[in-house]
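Trainee: Sequence:
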Amino acid sequence: MFLIREQHLQERLEDFQQRCISESSMRTSAQEQCRELLSSLARSENHREALEAALDEARHCQHETNTELVAEKSRHAATHSELEKLYSENRTLWNLVDDLTSVPGGDGKQVSTVQELHNDNQEQKAIICKQTDEIETLRATNAAMKERCGGCNGCQDVTDIEDDSEDAVF
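When we follow numbering that gives the first Met the number 0, the leftmost residue of the sequence shown carries the number 0, and every step to the right adds one.
These aren't lab readings, by the way, just hints derived from the structure by calculation.
Backbone N, C-alpha and C fix where the C-beta goes; we use that ideal spot for every residue, glycine too.
Possibly wrong hints are sitting among the right ones.
[Unchecked claim] The list that follows gives simulated cross-link-like pairs (lysine to aspartate or glutamate, DMTMM-like), each with its CA atoms no further than 25 Å apart:
#1 Lys145 / Glu135
#2 Lys84 / Asp98
#3 Lys145 / Glu133
#4 Lys124 / Glu135
#5 Lys72 / Glu56
#6 Lys129 / Asp119
#7 Lys72 / Glu51
#8 Lys84 / Glu63
#9 Lys145 / Glu122
#10 Lys72 / Glu83
#11 Lys124 / Asp97
#12 Lys84 / Glu71
[Said to hold, decoys possible] Ranges between beta-carbon positions, derived for each pair:
#13 Gln61 / Glu81: 47 to 57 Å
#14 Tyr86 / Thr140: 46 to 56 Å
#15 Glu48 / Ser73: 18 to 28 Å
#16 Val113 / Gln61: 49 to 59 Å
#17 Tyr86 / Arg58: 33 to 43 Å
Could you put the whole structure together from the sequences, leaning on the hints where they help?
Mentor: Structure follows, in structure tokens:
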């Protein structure tokens, strides 16, 4: 009987030791998980702080952008108002120009209206531009002829076209 009891106690002791080993292993595993969770929590806290800082910066940028947008809208409205005034003045002036009629001059000639003078000026500018282009073409042709002949006697009659562009007034 004593032997049975001892054997029974021995089995209980072995079971208890196995449970202790198993619980120790589980405790070690739980401690490792706890360390990993604490590390993950610390990383999450760092990420949260970084995201919070980025969010604050984004809010600040948005506030600045909104402030600039309000200022730009105000400037745009002022510019638009000024533009409308200028358009109105321009329409008034053109209506005045359109209403002007020719007045006979002293020697029976008609005096030109402002609109006619403006149109004549535009035509003269176009003619001057066309003639300037033709002069440039002639200069280029003249230079090419001189270069091609290389100083032969046949090109002695080719004269230089003087640059009188400083006399042109637009």
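Trainee: Each of the hints needs a verdict: does it hold here or not?
Mentor: Cross-check of the supplied hints:
no. : hint                       : result
1   : Lys145 / Glu135            : 15 Å, holds
2   : Lys84 / Asp98              : 21 Å, holds
3   : Lys145 / Glu133            : 18 Å, holds
4   : Lys124 / Glu135            : 17 Å, holds
5   : Lys72 / Glu56              : 24 Å, holds
6   : Lys129 / Asp119            : 15 Å, holds
7   : Lys72 / Glu51              : 31 Å, violated
8   : Lys84 / Glu63              : 31 Å, violated
9   : Lys145 / Glu122            : 35 Å, violated
10  : Lys72 / Glu83              : 16 Å, holds
11  : Lys124 / Asp97             : 22 Å, holds
12  : Lys84 / Glu71              : 20 Å, holds
13  : Gln61 / Glu81: 47 to 57 Å  : 30 Å, violated
14  : Tyr86 / Thr140: 46 to 56 Å : 47 Å, holds
15  : Glu48 / Ser73: 18 to 28 Å  : 38 Å, violated
16  : Val113 / Gln61: 49 to 59 Å : 53 Å, holds
17  : Tyr86 / Arg58: 33 to 43 Å  : 41 Å, holds
Violated hints for the displayed structure, listed by number in ascending order: 7, 8, 9, 13 and 15.
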